[in-house]
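Peer 1: So the chains spell out like this:
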Amino acid sequence: MDIRYTAEHEWVAVEGNLATVGITDYAQAALGDLVFVQLPEVGASLPKGAAAAVVESVKAASDILAPLTGTIVEINPATVADPSLVNTQPMAAGWLFKIKLSDLSELGQLLDESAYRQITS
Amino acid sequence: MNASPTASTADAPRTTSGNVDPDSSAAAPNPLRSLPLHDLHLERGARLAPFAGFTMPIHYSPGILAEHKHTRAAAGLFDVSHMGQILLRSRSGAGAEAACALETLVPVDVLSLRTGRQRYAFLTTESGGIRDDLMIANFGSFLYLVVNAACVVGDLAHLRERLSALCSIELLSDRALLAIQGPMACAVLSALVPAVATMRFMDAGIFSIDGNECFIARSGYTGEDGFEISVPAAAARSVAERLLDHSSVQLIGLGARDSLRLEAGLCLYGHDLSAETTPVEAALDWAIQPARRTGGSRAGGFPGADVILSQLTHGASRRLVGLRPELRPVREGAVLFADAASDAPLGRVTSGTYAPSAGGPVAMGYVPRSLTQVGSRLFADVRGQRTPVTVCDRPFVPHHYHR
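Protein chains in written order, with the numbering used here: chain W, 1 to 121; chain S, 1001 to 1403.
There could be a bad hint or two in this list.
What the hints assert, rightly or not - Quick partial rundown of chain S residues pointing at chain W, CB under 8 Å, derived from the structure:
| no. | residue |
| --- | --- |
| 1 | L1065 |
| 2 | S1259 |
| 3 | R1328 |
| 4 | V1335 |
| 5 | A1338 |
| 6 | T1353 |
| 7 | Y1354 |
| 8 | P1356 |
| 9 | R1403 |
Unchecked claim - Interface residues of chain S toward chain W, partial, derived using beta-carbon atoms under 8 Å:
| no. | residue |
| --- | --- |
| 10 | I1064 |
| 11 | G1255 |
| 12 | P1329 |
| 13 | G1333 |
| 14 | R1377 |
No lab work stands behind these hints, which were simulated from the structure alone.
A virtual CB, placed ideally from N, CA and C, is assigned to each residue, including glycine.
Next up, chain S with everything else stripped away, as it sits in the complex (with noise of 0.2 Å):
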């Protein structure tokens, strides 16, 4: 048996996860940090490898199926912690002012994000690529960001770099960030913290759990209702425990993330996203607000712009798109074709899985713009076979959200 040398870069949790000997893949440059989480783990039987830095549970006992399946149906708690999070503050004390600040960076509206709301971002290069995809809460007098865990620290230089002349950027390297997800999430949540229950979808506060300041959330990664809670990395266990205290609630890995996150559609960073890949090709524009669109009140301003509106305006040569293989999963990596006989590649996958509650694969992938449509029919090649795959239209499954 031999793992397949599946395309993989250093924050994808999809190389270990699946080897017969995980352990002997763990060549790190830097000594690998453990989790606040991380004796919680071990006693609750994770299996552990190396991501982005971290050691972290891939899954649990039950397994990666069954986790992913315990998601959807009643309540996941996902330990997020090698995420980075970082508060922006200006200088001023004027909260719109790091929000002016950081839409130097951003092609995004966040001078119009109300305190206690939270959006959807990503930062850019000069060529229009994506740096990373983050998240940005307005609590008033800071806006709170949270970035992939490999792109912490080039976040943070680049942040300083463009921004410390108005504001200070501080990481929050003591807290801890726990996800709960699932049709029981907010039972559970509210329990400890009452006020939560009439949060809606991308709302996001600082509640007090034990005494504790908590910044939750009403958002996630799996297509599902739930929450985002940064927790002091001190009080972390306690809250993880009164979270798993409740039956519905149950520990879920890495593995289980990422089939749940692209079975909702959504993009992972190093894999659906890059420096090499626009908002617009990563079919992103719900997330350009018309103020910095062209004509828009504060258009452009942000790195790559030109390159951005312009395929705002006119589109993109190729454009990220769903996939269903119609015969077999078909994985990162695997190269695009017309049909089963074609020499010329039109595209790539960049990711793709079984897909537990969809039941069947499904993929994401850069297609040419001509074969974006909704039935278009192209040939993967796993592995020198040709298998057929179909676009579709992304969730692969309904999301759940409490808007």
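Chain W extracted, bound-state conformation (with noise of 0.2 Å):
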């Protein structure tokens, strides 16, 4: 699977033309433990860039946002119910949706781990 990144700490798994999104372990130590997670509807329809779920800390509140076109086909309900695990374990259990991307040219935009690492050192 491949794994790719956005400048605002997304990570994306995508398989064919599903995208699985959740934050980068950066993001998530940044931000602090986290209270409070809102997950888009599934069946909704998002472009790139667009809110799409919110993680808040005890002390702030962070959009996250599309990374690319498409319809949440899923979300993942656990982490409402135990925001923690966005922390423990960001790039696993605590992923958060998962989109059915309409356009994948779009991917070419995404950045690969070498370039993440760089925005994040």
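Join these two chains into a complex; the hints should help.
Peer 2: Put into structure tokens, the structure is as follows:
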């Protein structure tokens, strides 16, 4: 599976035309303990860059933007029930939502791992 | 991930703490000053950020949530040395004269404040707003004031302009201020200073710690029992380390200080209080003693007395209330509406967060008088979505003061 990143600290795992989205370990560490997660509705059609989800720590709320254009096909309710899952397993059990992509050409705009490391180092 | 544009002023800890890149916002007009305990904070893993002109610890490695809970369960040590410590001494040497002078600037009964006692107060503006909130302790030959960091310069100018003829006004810039808060605070501090064990809430006294003159008050801003300790800057590190030697004590940053005070229902200047809010609007009536009210022996005689005394009698058109968001955290700046569709704003949230000990979101905000009743339901606009909030009693968790 191909994992890409955004400059807004999201990770995107792409399999065919399905993308799983979450926040990076760097992002969860910077935000601190999460206490609230709001996920998009399944079936929502979102353009790239639209506010898709919200994660909140004690101190701040942060928008999670749709990294790619498409339709939300699945969300991870476990993160709503237990937001700390995003802190403990940001790139595994703490995934947030899955998008069925409508424009595969957008994939080229995402960062690969070395490019993402450069912006967080 | 985009940090939300949470409204914030220069003295707010919240903008920098949650952002991915806190250092990028460090555009201070003046060079940042370091606290006397700066090195200790670094050694103990503090995440630092600019706050009110100082480089301050926002949190340490346990994180805000764990620090908050530790304070309520054991004891937290806070470095609040950024706050202004001011001595007010009458030129004649008579303590009562300084108290009378200060009463011309605050709607509080300072004259009856006995030696060894401390009282909450606020400086008011000519229009009845709050210029700053502060603590006043009576140490007999002088009054000791603790004011907000962001207000120090303005407060000093105001005190000097209005009181210099009668009083000397001295900023204690060579002192650190530590707070130890939580159920274990008394056991920890009394191991160093046995006499503090007999103090009650808002008692204040001068004690020696290893030969250093310390001003200690049994008070704080977390809702817990605890003490605030003014210590000479040169001795701050050794005193802090002696407190931290105790296994129940952890360093706590400004982030948890904010969630602790909000959960305790306490106001933060620049957020819940400002020059645009009066003490009556801010529900601080309790801090205005009968002697200063209409019919009292020293009624009025402070800036904005006409507005404040009238509001004490007739009520204010809006009031600060506790709010419990039903579904999600609601932050400072969220506008309040009567229902999910209304276009007419009714008020504004002034502080809001997830409250770790209350186990859910809590907030405070100003609402019209007609909606101050506990149980009143309003809607907060959170980035375009209306979310229900209910007016509730403060504090959100019980206070544990040692009265």
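Peer 1: With reference to the structure, classify each hint as holding or not holding.
Peer 2: Hints, verified against the model:
1. L1065: 4 Å, holds
2. S1259: Where the cut-off is 8 Å and the nearest Cβ of chain W is about 5 Å from S:S1259, the hint holds.
3. R1328: 6 Å, holds
4. V1335: 15 Å, violated
5. A1338: 24 Å, violated
6. T1353: 6 Å, holds
7. Y1354: Nearest chain W Cβ about 4 Å off; hint holds.
8. P1356: 7 Å, holds
9. R1403: 29 Å, violated
10. I1064: S:I1064 check passes; min Cβ-Cβ to chain W is 5 Å, inside 8 Å.
11. G1255: Result: holds, 6 Å to nearest chain W Cβ.
12. P1329: 5 Å, holds
13. G1333: 11 Å, violated
14. R1377: Hint violated; S:R1377 Cβ to chain W Cβ min 20 Å, cut 8 Å.
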